[in-house]
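Following the hints, position chain D against chain P.
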Amino acid sequence: MDLLVLALLLGITGLLAGFVGSLTGLGGAVVALPVLVIGFGVPFPEAAGAGLLTILATSSTTGAAYVRDHLSDLRIGMFLEIATVPGALVGATATVFLVHAQLADALLVALGIILIGLVPGAILRGRTPTPTTPAAQDRWSTELGLTGSYYDEARRERFHYAAAQTRPALGVMFCAGVVSGMFGIGGGVFKVLALERFLRLPMKIATATSNFMIGVTGAAGASVLLLAGFINPVIGAPVALGTAVGALGGSRLLPMLRNRTVRWLFVPVVLVLGAEVILRGLGVG
Amino acid sequence: MAAVLRVGLYVALALLVGAIVALVAREPASAAASWISSNPLPNYLGLRALAKGLAAGRAEAYLTLGVFALIATPVVRVAAGAITFVRHGERRMGAITITVLALLFVGLLVVGPLVR
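Chains as they are written, first to last, in numbering that gives the first Met the number 0: chain P, 0 to 284; chain D, 0 to 115.
This is chain P alone, in the form it adopts within the complex:
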């Protein structure tokens, strides 16, 4: 294989990963990363680096539309970044130390476990009913004014929302940051779960706010991995570009899908990829 073929294949991988990632709500990196490891033989550090580039590209590409439509809640997002950014710094630093301690294979096994673990997370989120009245605010939420409203196009109604349970949410957000900094994936799934389950935000606001947040968290993790020499742009750039385009396509198609269960067709793909990554980490794959 030569460089031209490599760049094209990486771009196509990103395109498909972005598409599947946005349809399932798992994120493009979740599909792209295992393919890089298994299909292209990319070592774990560079795969994680490519994952973070993918997150940055996707967050900025799809984020512009959300900000324009005022769906992304900057106050809530910024408040929670207090927890995710330190998490990402801790996670990325841990990855650098573990790789230098020759424990990259153990990280691969952990990556596979996280891939499989994200699936129930993504399925769970569809089950959370969208609140129609604002949730009861706690002290921090009241003092910081973590409330807002949005116009729901489908129901032709303006909905008001308020952030609840900010303290446990900060804890989950820290963990989401650690995972995203360590592996370059999954931060979005945990963030959306925390935004919906703890803060009790409507799905649309949670999705848009998480999309803004993964970019900031990704920047924190990426700056550490970049300086550690873990980001190889020859691999990461084609994947990230492809994923951003694929994610845009997927997000356009999603509202048109009548039967949302179509999305779960891709779940076995993620499970198989996760299992393959674990086997690779154990040295049997």
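Hints were generated in silico from the structure; no laboratory data involved. By construction, the Cβ of each residue, glycine as well, lies at the ideal position given by its N, Cα and C atoms. Treat the hints with caution; some may be incorrect.
[Stated by the list, open to error] Covered by chain P, according to a simulated footprint, are these stretches of chain D (three or more residues, beta-carbon under 8 angstroms):
(1) 10 to 23
(2) 26 to 35
(3) 42 to 51
(4) 68 to 81
(5) 90 to 97
[As the list claims (entries may be wrong)] One-sided and incomplete, this derived list gives chain D residues near chain P with beta-carbon spacing under 7 angstroms:
(6) N38
(7) A54
(8) V110
Okay, now just chain D, sitting in the frame of chain P:
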């Protein structure tokens, strides 16, 4: 705010696409395996090395700049948010946003160089 995102994104994407195309045009038949196993980026992480590479028209230097732009976009957005909050007299939200910005710089200027 959306404009910050879009400009940063377009600059980053243009740099990355252009540099990848230039790299492939320069060495289309070079072995893929060597590009996977060896990372050109660490050679351009210093400001002087990066400037020299950019001046010499090295695709790898522009690729590195593209990665910087991709990372910088959300950081600029946080900075823009901090200015907005402070301007509207929202002291608490302003303080929170400035803290987030400071933490991002801790990653880039303290944690990153330490693990290098």
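Structure-based check of each hint:
Residues of the segment 10 to 23 of chain D lying with their CB closer than 8 angstroms to a CB of chain P number 8, which satisfies the three-residue condition for coverage. Under the rule that three or more residues need a Cβ within less than 8 angstroms of chain P, the assignment of the segment 26 to 35 of chain D holds, with 9 such residues. Here's how the segment 42 to 51 of chain D fares: 1 of its residues keep a CB closer than 8 angstroms to some CB of chain P, so the rule of at least three is not met and the hint is violated. A count of 9 residues in the segment 68 to 81 of chain D with a Cβ less than 8 angstroms from any Cβ of chain P is obtained; the coverage claim is therefore met, three being the minimum.
Restraint check on the segment 90 to 97 of chain D versus chain P: 4 residues with Cβ-Cβ distances below 8 angstroms, three needed, restraint holds. Checking N38/D against chain P by beta carbon gives a least distance of about 4 angstroms; that is within 7 angstroms, so the hint holds. With its C-beta approaching chain P no nearer than about 19 angstroms, A54/D sits outside the 7 angstroms limit, and its interface hint is violated. A hinted interface residue such as V110/D counts as satisfied when its beta carbon comes closer than 7 angstroms to some beta carbon of chain P; here the least separation is about 5 angstroms, so the hint holds.
Checked against the numbered hints above, the structure violates hints 3, 7; every other hint is satisfied.
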